[in-house]
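Residue numbers (our numbering), protein chains in the order written: chain E, 1422 to 1534; chain R, 14 to 127.
Quick caveat, the hints were computed from the structure, so don't treat them as lab data.
We treat Cβ as the ideally placed atom computed from N, Cα and C, and that holds for glycine.
Warning: the hint list may mix true and false statements.
Taking CB as the label site, the calculated pair distances span [claimed, not checked]:
| id | chain 1 | residue 1 | chain 2 | residue 2 | range |
| --- | --- | --- | --- | --- | --- |
| 1 | R | Ser85 | E | Glu1439 | 39 to 45 Å |
| 2 | E | Ser1448 | R | Gln55 | 18 to 24 Å |
| 3 | E | Arg1517 | R | Gln84 | 29 to 35 Å |
| 4 | E | Asp1521 | R | Pro20 | 24 to 30 Å |
| 5 | E | Pro1491 | R | Ser31 | 47 to 53 Å |
| 6 | E | Ser1502 | R | Ser97 | 40 to 46 Å |
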Amino acid sequence: EPEVTQTPSHQVTQMGQEVILRCVPISNHLYFYWYRQILGQKVEFLVSFYNNEISEKSEIFDDQFSVERPDGSNFTLKIRSTKLEDSAMYFCASDRGLGDTQYFGPGTRLTVL
Amino acid sequence: AQSVTQPDIHITVSEGASLELRCNYSYGATPYLFWYVQSPGQGLQLLLKYFSGDTLVQGIKGFEAEFKRSQSSFNLRKPSVHWSDAAEYFCAVAARGGADGLTFGKGTHLIIQP
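Start from the sequences, fold in the hints, and give me the full structure.
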């Protein structure tokens, strides 16, 4: 069964550094998403991406965040200058759109020191 | 804006007993409704979803959920829990149409007693 994959599984970085989190969505899916889950809290929507542009974004997704689909398979989330409060689990998801089920990857745990 | 309320932060159930996890949503129309499960250190796995039609939906692992429009609820049930059901359960909603992200509730942590 196809699945969403994410790398790395755990990323440790220093405050102020840039990080790129990578995702490979399911191959025939058209919509891609990033969510984050701060430890002990609920999963929060960050951004959705369709047809090579951002479709929706939340208030959390400010100028330090960016997303890109650099090739036909990868979908990345870049955090330009990490802050301590960016420490969280980041989930990628994908679907075919129009209310289809979103399939989630296993997540990347980001730790900012 | 839509919101999801899961009023129970923790629930403890004996193995073999029945389970009901509550979920209420706030949205102007009928949204798409989902239940996801998250085991420790794992990602989110879809248990079931409601889009339209029969208000009682069946999911994986013996779970079911009932959509009640009058109560804006989508409660998850299982007639007999197993120790492997211990996990975090999230109710989520999505607006119909477009590429809206899911809005999640805060989750219910399910503990199974032997």
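To see whether the hints hold, each was checked on the structure:
1. R:Ser85 - E:Glu1439: 39 to 45 Å: Since the Cβ atoms of Ser85 (chain R) and Glu1439 (chain E) sit about 42 Å apart, the hinted range of 39 to 45 Å holds.
2. E:Ser1448 - R:Gln55: 18 to 24 Å: Because 22 Å falls inside the window, the suggested range holds.
3. E:Arg1517 - R:Gln84: 29 to 35 Å: Holds, at about 31 Å.
4. E:Asp1521 - R:Pro20: 24 to 30 Å: Holds, at about 29 Å.
5. E:Pro1491 - R:Ser31: 47 to 53 Å: holds (49 Å)
6. E:Ser1502 - R:Ser97: 40 to 46 Å: holds (42 Å)
The structure shown violates none of the earlier numbered hints.
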